[in-house]
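Chains as they are written, first to last, in the working numbering: chain P, 61 to 173; chain B, 136 to 249.
I should point out that these hints are in silico values taken from the structure, not numbers from a laboratory. Be careful, since some hints might not be right.
Stated by the list, open to error - Have a look at the derived ranges for each label pair, beta carbon to beta carbon:
(1) 157/B x 70/P: 33 to 43 Å
(2) 145/B x 116/P: 37 to 47 Å
(3) 87/P x 215/B: 27 to 37 Å
Ideal Cβ placement from N, Cα and C applies to all residues, glycine included.
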Amino acid sequence: DQQVKQNSPSLSVQEGRISILNCDYTNSMFDYFLWYKKYPAEGPTFLISISSIKDKNEDGRFTVFLNKSAKHLSLHIVPSQPGDSAVYFCAARARGGADGLTFGKGTHLIIQP
Amino acid sequence: NAGVTQTPKFRVLKTGQSMTLLCAQDMNHEYMYWYRQDPGMGLRLIHYSVGEGTTAKGEVPDGYNVSRLKKQNFLLGLESAAPSQTSVYFCASSYPGTLQETQYFGPGTRLLVL
Chain P
61 DQQVKQNSPS LSVQEGRISI LNCDYTNSMF DYFLWYKKYP AEGPTFLISI
111 SSIKDKNEDG RFTVFLNKSA KHLSLHIVPS QPGDSAVYFC AARARGGADG
161 LTFGKGTHLI IQP
Chain B
136 NAGVTQTPKF RVLKTGQSMT LLCAQDMNHE YMYWYRQDPG MGLRLIHYSV
186 GEGTTAKGEV PDGYNVSRLK KQNFLLGLES AAPSQTSVYF CASSYPGTLQ
236 ETQYFGPGTR LLVL
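Only chain P is shown next, with the shape it has when bound in the complex (with noise of 0.2 Å):
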């Protein structure tokens, strides 16, 4: 029972276009949510992350929206930059949770030149 699902395995975005990763979850106690980016044989290093009190958060090149009613969440990237390539994890705490995250299976961006 996957509690948070990132249904594209994949995206090829053109450089210079938007990015738009998109994760979906199902369990109502998550508060916090997180996306991390990873490189082959890397650790997951995080990228961003949003407050259930809130429904948008930018940082640069870097904005998450959440949608609580629809329990859907989703990574704008803009400008697409060749660096951006790498696998995209979405990531969720459950309310007053020190039990770790719960992750997505990952979406591999690959920006195209």
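With chain P held as given, fit chain B onto it using these hints.
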């Protein structure tokens, strides 16, 4: 400031052998975690610790044990390795108590069990 480090980077084991993976962090974080990542899967939590001397089970704890004798170290043990434990293991740490708690990950240990 090295962040989160993991030892070893890569290891090959035979079925039934034992080993210990070491995670160390120098950020004075209270919480530490062990995850595993399998091909086509997200990271899954094995065990975690909310402080020195405390540990708890995560989503996939079977076949693993952990210890947190020092705040900066979190050890993951495999008593009798099985091929199903072939995976990439990631350690993470975080500082609790803030709304914007973020986990910081190590570079991973790649384990192959034959």
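Here is how each hint holds up against the structure:
no., hint, result
1, 157/B x 70/P: 33 to 43 Å, "34 Å, holds"
2, 145/B x 116/P: 37 to 47 Å, "41 Å, holds"
3, 87/P x 215/B: 27 to 37 Å, "34 Å, holds"
When held up to the earlier numbered hints, the structure conflicts with none and fits them all.
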